[in-house]
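Use the sequences and the hints to build the structure in full.
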Amino acid sequence: MTQFLQIVVSGILLGGIYSLISIGLTLIFGIVKIINFAHGEFLMVAMYLAFWCVSLLQMDPYVSVVLVVPAMFAIGVATQKIVINPILKAPDVMQIFGTVGVGLVLQNMALFLWSADYRTILTPYQSINFELGPVVFSFPRLATFVIAMLVSIGFFYYLKHSYTGKALRSVSQNREAALLMGIDVNRMYLIAFGLGAACLGFAGCLLLPVYYVFPSVGTYFGITSFVVVVLGGMGNMKGAFLGGLLIGLVESISGVYLDSTLKEAIYFILFILVLLFKPNGLFGIRES
Amino acid sequence: MKIETINPEILYFSLFAAVLLLLPLGVTNNFYLHNMIMIFFWATLTASWNIIGGFAGQLSLGHAAFFGIGAYTSTILYLKLGVSPLVGIFCGGVLSTVVAAAISYPCFRLSGPFFTLSTIAFGEVVFLLSSYFRDLTGGAVGLLIPFKPGFMNLMFREKIYYYYITLALMLVVIAITHRIANSKMGYYLISLREDEEAAKAIGVNTAQYKLYAVMISAFFAGVAGVVYAQYILFIEPKTVFSAELSTQFALMSIIGGLGTVAGPIVGAFILTPLSEFLRAWLGGSYSGLHLAIYGVVLIAVVLAMPEGIVVWFNEIVRRIKARTSKQGEVNA
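Residue numbers (our numbering), protein chains in the order written: chain E, 1 to 288; chain H, 1 to 332.
It is possible that part of the hints are untrue.
[To be verified] Here are some, though not all, of the chain H residues that point toward chain E, as calculated from beta-carbon distances under 8 Å:
no. : residue
1   : Pro8
2   : Ile10
3   : Leu11
4   : Tyr12
5   : Phe114
6   : Thr116
7   : Leu117
8   : Val125
9   : Leu136
10  : Leu245
11  : Thr247
12  : Leu258
13  : Leu291
14  : Ala292
15  : Gly295
16  : Pro306
Don't read these hints as lab results, they were simulated from the structure.
Only a predicted model underlies this, so the values are computations on that prediction, with no experimental measurement involved.
We put the CB at the ideal spot given by N, CA and C, even for glycine.
If you want it as structure tokens, here you go:
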């Protein structure tokens, strides 16, 4: 029982970061109506940025947020402006290839510039654990989870109550109507992509103390975020939030009982099944 | 002789085939032959991808699965049961076709990026399963085929044999693509790519033709996989099932010209030597750069000439022709 509780806890802690990554992906899809196939690679860039902040500027990884998040926002806006805007009305194939191309460039430039080495940082608090009853919490994982939750909740609040947030939601509901109401839709696209990438800025900084960084690190997180977003319903932010926690839980529980390779295979089979039979996501909530 | 009476496409194809058939008379260096063989592999695979990805517009990013299934089928049959790869070619091709039909049929109801997501997931599943079933596939370590030259084993000391085998394979795929492009099926595929609902409304059985397209596509990928295994004599999940491989088929095709007969061939003939050149030029620090450059080229093509090099080139030729004929009139 204690062991099971421990597994559940670590699953949920893991899920927090998936939620944050997936919220970024689903936000971009919901508003720009484009699937960002380079999502994992943006996360990889964020992790490298955080890594350089720590190793070159001697910053604390959690403090590096102040540099990494604005940088990621700028990268997102630039991507939207240079690559996505010109192909917004292009056929699906071109849209897919636009972002696949961005991912290919980012991942391989990282490989070329920074080599395939796994890099990690040392923090004074990485081995601090504390116990709550029978369950052990590792400090960096807990911190990562708590901050991810705070950022997600802050993000929901922003979308719900700020003017820009309302404008963003109106664009996601109906492009034309939003345009008629005097909302600068193209600006909203830039902001949406920027915010999506900024979520990854947070995620990158939060992941760094608990994970390695290497050029293809994004592949795994990217694919996982697709799974989460499809589970939660494409473009559905709350779905992505819950889906992230669920996937973290599933991953942690199945990790105990199944070979890790087989586990991943089952994961993707489930993904295909959900795509086929539950295209609106497991929770069946449609974003109004 | 009136050259106008010959279909120019057939003429170009024959010229292209003749040059490549005669090329080994002048080029005997193994390094160049190897590069040509690799170009033929890429061209074959890219052209096979183009049937489903280009003509039918079903953008698959999991096509390496069919290549790998072909390679593993014949290799496992040969290593475990001693079945000749000559039979293995057939088995590999057929198994790829069957798997493709089984997995694609339900996935075809997904459209656009959602279909692409399902193919990525499918590619990952096959990759993971091939690493998991160690007893059968050797797991991540891969399978080594002992070198026993002979026609029955489809292994040869001289590269020239592989040159002609892969060349033949590529020419067959080009011929079949050309045939599809100029048949009813080609028009059906293009119609369902452009607007599936409209195609259905005028009576095209879209599900059936997409299925035909993916089966033909997977068959040739599987056959190419078998020949690849017999040429390299070593297969592992990381090389034959990699997502990178799938991306490259799509990429060469789109850079050359999606849904055209010549596009994938042009893409493969440009990009394969480019990556070889970068490898030679940059040596050890080369890793990743060729793919990064592919990515830049891909974005450039998407933004600047979304129809691909072939269509872009034809357009330029047309303009030059129009200009010169105008000048001719003026001079006359």
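These are the hints, each one checked on the structure:
1. Evaluation of the Pro8 (chain H) hint against chain E yields a violated restraint, the C-beta minimum of about 28 Å exceeding 8 Å.
2. Given hint, Ile10 (chain H) at the interface with chain E, is violated; its Cβ is 29 Å from that chain's nearest Cβ, farther than 8 Å.
3. For Leu11 (chain H), the suggested interface contact is broken, since its CB lies about 30 Å from the closest CB of chain E, more than 8 Å.
4. Of the supplied interface hints, the one on Tyr12 (chain H) is violated, with its beta-carbon coming no nearer than about 26 Å to a beta-carbon of chain E, more than 8 Å.
5. Given the 8 Å rule on beta carbons, the hint for Phe114 (chain H) holds: about 6 Å separates it from the nearest Cβ of chain E.
6. The criterion of a C-beta within 8 Å of any C-beta in chain E is met by Thr116 (chain H), whose closest approach is roughly 6 Å, and the hint holds.
7. Annotation: interface hint on Leu117 (chain H) holds; nearest CB of chain E at approximately 6 Å, less than 8 Å.
8. With its C-beta approaching chain E no nearer than about 5 Å, Val125 (chain H) sits inside the 8 Å limit, and its interface hint holds.
9. Because the beta carbon of Leu136 (chain H) sits about 14 Å from the nearest beta carbon in chain E, more than 8 Å, this interface hint is broken.
10. The restraint placing Leu245 (chain H) at the interface with chain E is violated, with a minimum CB-CB distance near 13 Å, outside the 8 Å limit.
11. The interface hint given for Thr247 (chain H) holds, since its Cβ lies 7 Å from the closest Cβ of chain E, which is under the 8 Å cut-off.
12. Because the closest C-beta pair between Leu258 (chain H) and chain E is about 7 Å apart, less than 8 Å, the hint holds.
13. Contact between Leu291 (chain H) and chain E, as hinted, is supported at the beta carbon level, the nearest pair being about 4 Å apart and thus within 8 Å.
14. Here the hint on Ala292 (chain H) is kept, as its CB sits about 4 Å from the closest CB of chain E, short of 8 Å.
15. Taken as an interface hint, Gly295 (chain H) checks out: its beta carbon lies about 3 Å from the nearest beta carbon of chain E, inside 8 Å.
16. A least Cβ separation of about 5 Å between Pro306 (chain H) and chain E falls short of the 8 Å threshold, and the interface hint therefore holds.
Violation of the numbered hints given earlier is confined to hints 1, 2, 3, 4, 9, 10; the remaining hints are satisfied by the structure.
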